[in-house]
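Student: These are the residues of each chain, in order.
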Amino acid sequence: MGTKTKALNAESAQVEAKAQIGKIARVALPYAGLVIAVIFFSIATKGSFLQLDNLTTLINQSFTLILAALGATFIYAHGSLDVSLGSICMMSCISSVLAAVATQSGVVAFLVCLGVSLLCSLIVALISCKLGVVAFVSSLCVSFICQGLAGEMLDTGEIVMPTHIIEAVDRPAVKVIVIVAAIVICYVLFERTKIGVYNKAIGGNAAAAEQSGVNVHKYKILAYVISGVLLGVSSFFLICRISAASTTTGSGLHMDVMLAVILGGMSIRGGPKSNIAAPVIGSLTTYVLSNGLTLMRVDAYYVQFIQGIIFLLIIFCVFDKKKHGALPN
Amino acid sequence: MEKELLLQVKGMNKSFGPTRALKNVDLSVYRGEVRGLIGENGSGKSTVSSIVAGIQNADSGEMIFKGQPYQPATMLDAMQHGIGMIVQEAGTVLNITVAENIFIGKEKRFSKGPFVNRKAMEMAAKQAMEALGVSGIDPAMPINKLNFEARKLIEIVRVMLDEPELLIVDETTTALSQHGRDIIYSLMKKLREEGKAVLFISHDLDELIETCDVLTVLRDGDIIRSLEKSEMEHDLIKELMVGRKIEGDYYRSDFDGSFGEEVAVRVENLTVGHELENFSLELHRGEILGVGGLSGSGMHELGRAMFGVDRALTGSVTVCRSGDVIKNPVMAVQNSMGYVSKNRDTEALILHASIKDNTLLPSYDRLKVAGLISKRKADKFADEQIQNMKVKCVSKNQEVQFLSGGNKQKVVFAKWIGTGADILILDSPTRGIDIGVKTAMYQLITRLKREGKAILMISEELPELIGMCDRIMILKDGHLAREFQRSPELSEQMIIKEMI
Ligand SMILES: Nc1ncnc2c1ncn2[C@@H]1O[C@H](COP(=O)(O)OP(=O)(O)OP(=O)(O)O)[C@@H](O)[C@H]1O
Ligand SMILES: [Mg+2]
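These protein sequences, in sequence, are chains F and P. Numbering-wise (our numbering), the first sequence opens with residue 11 and increments by one. Numbering-wise (our numbering), the second sequence opens with residue 2 and increments by one.
In isolation and in its complexed conformation, chain F is listed as follows (with noise of 0.2 Å):
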């Protein structure tokens, strides 16, 4: 071998390595900014970040979000962007709330949280899948839907959940447990079962999975099943922090979702590249900023700000901008 080659041999190595350390450097940043966030506040909030209470504030915070995302993940992985999670989340709260004035029971409430959840779901995935309707307008629809039955369904502005039922559920311990389990599941779920593999086959291209032997609307509605059941959950704990439900109750969600997912560092055009870490690593970096800077007494208006720039940068770093962008075009 000549000095040329050798020569050769040790840029090559070098070319590897460099992109070796974007490749890491790209999958470790969500993480290394949620770590980054964590320290910061902790420093510009002298400790008071890391108080026991204000942990508790912020798990609160983010568990709903977080139950939301990760169902979630499981329709982005195939493709389908969905608006309709704002929407389901109140009609579930509202009925659960109906149901649980009725019945004083919280097993029944829980139960209708999730059974509405699942079956709005599921009417979308149906009209996606069986009418070819894509996802963004199948859910749109029934997110329309979704608003016009609940204001039949309120006739005062809100309703509220008996104490006895929030006393209950209402509890860090119960709510550390749930989302533990949701994660654990969550994973096996999306990487040692067909459900996710194929879901994210399915992103990948449709043609190709269907051609090797996936049934594609059956894996889509499953992944909508799942989605479904972990939105009611969420629904759930949410009515019961909040106590109140109205129509406004968890607008906006389908955005915090995204972007969640968005911070993890997932595209949401889904494909083999989804990972089921990245709407808890996005829904903590979430939360941890709006906790962070509300601690440091930043106005609430600037805190958005902040946090816009902060969505913009992560995009920025996170993204092979030319090849996949994060969003749908």
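Read the hints as simulated data drawn from the structure, not as lab findings. Ideal Cβ positions, reconstructed from N, Cα and C, are used throughout, including at glycine. Careful, some of the hints might be misleading.
[What the hints assert, rightly or not] Looking from chain P toward chain F, a few residues come up when the C-beta cut is under 10 Å (computed):
hint: 1; residue: Q335
hint: 2; residue: Y340
hint: 3; residue: T347
hint: 4; residue: S355
hint: 5; residue: D358
hint: 6; residue: L362
hint: 7; residue: L373
hint: 8; residue: E400
Add chain P with the ligands to chain F, keeping to what the hints say.
Tutor: Then chain P with the ligands, alone, in the frame of chain F:
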């Protein structure tokens, strides 16, 4: 006559991560020359030509075109300098018409204010197509309605509009029928006579020897040697490509055209669109059944309909063991069928997914432990398939989009062999595959036959059909023109007569 240098490439290097795709490549192309480029899959042919065509940049090295330093920033830039390329993969834009594809980026020619004069554009497109001998394609048709061959021809028309002085043709002919190939051959001849030049990439030795003035052999990113016409000879070329002598038979050596009694798939009165009419066949276990024809003969549609990709208007495809009538690909896969699509990048592969994920896709059920997909089993499975098919890659986690054309094809094969499909529908199976691997693939197909698998081999390559099949059905205008039995007497001429 003194040869005039058109393009000179000096000391070109290109790496992709750990892959050294080009190592100090020097290449000179002269005016009035058809320059052939041959080499194993992944040897760097597409890489060097795409750098010349401005699709990507080299890491180092220089180029001189028409005596001037040349460094194209984009494909458009290269085009303006006079270098055009027909790429290996599909290069047309979906969802717009044929005419719009041909005049993409040149709509201004037909615009009045904000409006585009479609009629004028379509007229011009028709003229451009006719000038190259492409007929029977409606310029107003959306490109999605056309088959692979027609789309390739549209690409050629588009490139030729810019009157390139150097035309690069990257493994286009393997996907084309004789008609399409003839169009390209006569185009190359014309360019050569006009004192322009062609860089022609192919894995078909006969074709290269026939058409090229000089043939350059690449191996692992190195230029090994350039052969003059008189030196071009099969064994030498193969040896230069692989780096050692290749022994053994290429096709099947036996002429025993017998096969099993048991019918694996029965096709009855199948009608698909306008392409295939009332067609019936029986595919047996242990049989390699060939299907050949011209591009409009319906042979590709037959494969698609048998696997349930395209809807049949009438008739049925029945898998005899289960009695199932195939309605969609999911049913087909459940019945242990496998399909190698001609539309590799759009239908057979998930380009952004890893080699591993692609090969595993139909096989997850058998990789489970206690109901969950086992990582260990999955890794082992993928490693085995990659080794079996000798896929040239950095690791099983490499994205398929970064593989060379031939290696992508191997991944598609690996997927079906891995899952143990016993009814295989292979549409242009050896498309873009180098001779070494082709030999291995033919041996594999022969072995599958011996194991009692049923194989339907749809191919435009007559030698391949003659060399491999027990029976050959020649289709013409959607009907069976004639059926041939395996025999040493069978020749291409005999078959061509039935096709046209
Ligand atoms: N974008 C890319 N990223 C990573 N590796 C690449 C990329 N493009 C090409 N390669 C690698 O570079 C090598 C040369 O590839 P190239 O496409 O030039 O081969 P080829 O000679 O055209 O082969 P084929 O006959 O199969 O088309 C291969 O090992 C391939 O995997
Ligand atoms: Mg190539």
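Student: None of the hints should be skipped; say for each whether it holds.
Tutor: Status of the hints after comparison with the structure:
{"no.": "1", "hint": "Q335", "verdict": "7 Å, holds"}
{"no.": "2", "hint": "Y340", "verdict": "6 Å, holds"}
{"no.": "3", "hint": "T347", "verdict": "6 Å, holds"}
{"no.": "4", "hint": "S355", "verdict": "7 Å, holds"}
{"no.": "5", "hint": "D358", "verdict": "6 Å, holds"}
{"no.": "6", "hint": "L362", "verdict": "4 Å, holds"}
{"no.": "7", "hint": "L373", "verdict": "4 Å, holds"}
{"no.": "8", "hint": "E400", "verdict": "8 Å, holds"}
In terms of the numbered hints stated before, the structure departs from none.
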